[in-house]
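S.K.: Line by line, the protein sequences are chains A and E.
For the first sequence, position 54 (counting from the first letter as 1) is numbered 54 according to this note's numbering, and the numbering increases by one without interruption.
For the second sequence, position 47 (counting from the first letter as 1) is numbered 47 according to this note's numbering, and the numbering increases by one without interruption.
Hints are computed from structural coordinates only; laboratory data are not their basis.
A portion of the hints provided could be inaccurate.
[What the hints assert, rightly or not] Just a few of them, taken from the derived set where beta-carbon distance is under 8 Å, the chain E residues facing chain A:
#1 T3
#2 L108
#3 V148
#4 V174
[What the hints assert, rightly or not] To spell it out: a stretch of chain A is covered by chain E in this simulated footprint if at least three of its residues, at any positions, have a beta carbon under 8 Å from a beta carbon of chain E; those stretches are:
#5 25-32
#6 35-49
#7 103-116
Backbone N, C-alpha and C define an ideal beta-carbon position, used for all residues, glycine too.
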Amino acid sequence: MSDPHPPYLHPAYQSTALRAPSQPLIMPAYGPDAVELSSPVFGHAELGTLDNDLTRQHRGEPLGERIVVTGRVLDASGRPVPNTLVEVWQANAAGRYIHARDQHPAPLDPNFTGAGRCLTDDEGRYRFVTIKPGAYPWRNHHNAWRPAHIHFSVFGTAFTQRLVTQMYFPGDPLFAFDPIFGSIADEKAKERLISRLDMDTTVPEWALGYQWDIVLGATPTEDS
Amino acid sequence: MTTPSQTVGPFFGYALPYGDGPRVVPEWRPDAIRIHGTVFDGAGEPLPDALLEIWQAGPDGEVPRAVGALARDGHDFAGFGRCGTDAAGHYWFSTLKPGGPTPYIALLVFARGLLKPVITRIYFPGEPGNAGDPVLAGVPAERRDTLVAVREHDRSYRFDVHLQGGQETVFFAV
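Modelling step: build the complete structure from the supplied sequences, incorporating the hints.
M.R.: And the structure:
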């Protein structure tokens, strides 16, 4: 199976130039060990009950298009991964992060922070209520714009499976111009980062629904 | 069918780090150790926007199964820590030294410009098991030191991460 992940060095994404390791990665003798093949355990009591609803973290409702984003976290064999921590963060509807270093001159929304988290249920399912993020400019090259995306961080059952990625929205016209999305060589692998509009997830009169499953990698031991 | 990785980007700072993230155990515990260091790029510049995560065995050498990494109670050892680098590229953790003959701490580094994380191991200096450790032995001798923390004083260790260049840290393909 070909590596679905982008390379470290992708010159079109300029920040990789001085941050990509230049030496080959080394496989530890006998592969990953018991620590690397296990993962921290998180408990429901550690999370707030509204942590997965990004539209209810302030006094008022955020501006923008309310959406539901849901899907399952699966292992390399397609088995659900229950009780694993899923964290998300994103720009607001205007394409602005609340982060202090985001200098994009678009309005902040006093009712939107843009960060959430949840544990997957027994079927590996996560669910967030949020606002559809806006596209935003960045300084990678002249007239550079990121397609709308939600950042995801997922743990899984092994530290070696730890995944941080970005979920995109179907049909985004910026895909062809984005060197981060474009860092993935395989077209089929790219498609796995794009959510699907789902009318069964959509809540009538309230919010469009998007489905997006996350499939974690096999560990070297599982591959062999 | 694996979902591909994408960079953590520059704007995770309000979302992923959390109050007690670096504090796997409180600093006041007599058995607490401090692991800290700086993350550098290939030009030797520190990274002010890296995120580091550690995961490790407890002093008994066993993989922790206790919850409580997000909401620390100061007693149970959950084994997981997270720290974003500061403006000078510096990170720190307060934790316990793992047990076993060749103790190490697993370390993941995420950053803008890293399209996928790097994973490495923080070994401890002066451990009798290091000399015979097959993982350390499998690393070219001239790069082996990049995996071993530097003892500063009794309970403090420094472990710098060089993403690229002459002092590049050994990263693993796991």
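S.K.: Against each hint, give a clear statement of whether it holds in the structure.
M.R.: Here is how each hint holds up against the structure:
1. T3: With a minimum Cβ separation of about 5 Å from chain A (threshold 8 Å), the hint on E/T3 holds.
2. L108: holds (6 Å)
3. V148: Because about 15 Å separates E/V148 from the closest Cβ in chain A, which is outside the 8 Å limit, the hint is violated.
4. V174: holds (4 Å)
5. 25-32: holds (count 8)
6. 35-49: holds (count 11)
7. 103-116: Three-residue rule met by the region 103-116 of chain A, so holds; n is 3.
Hint check: a violation occurs at hint 3 only; the rest are consistent with the structure.
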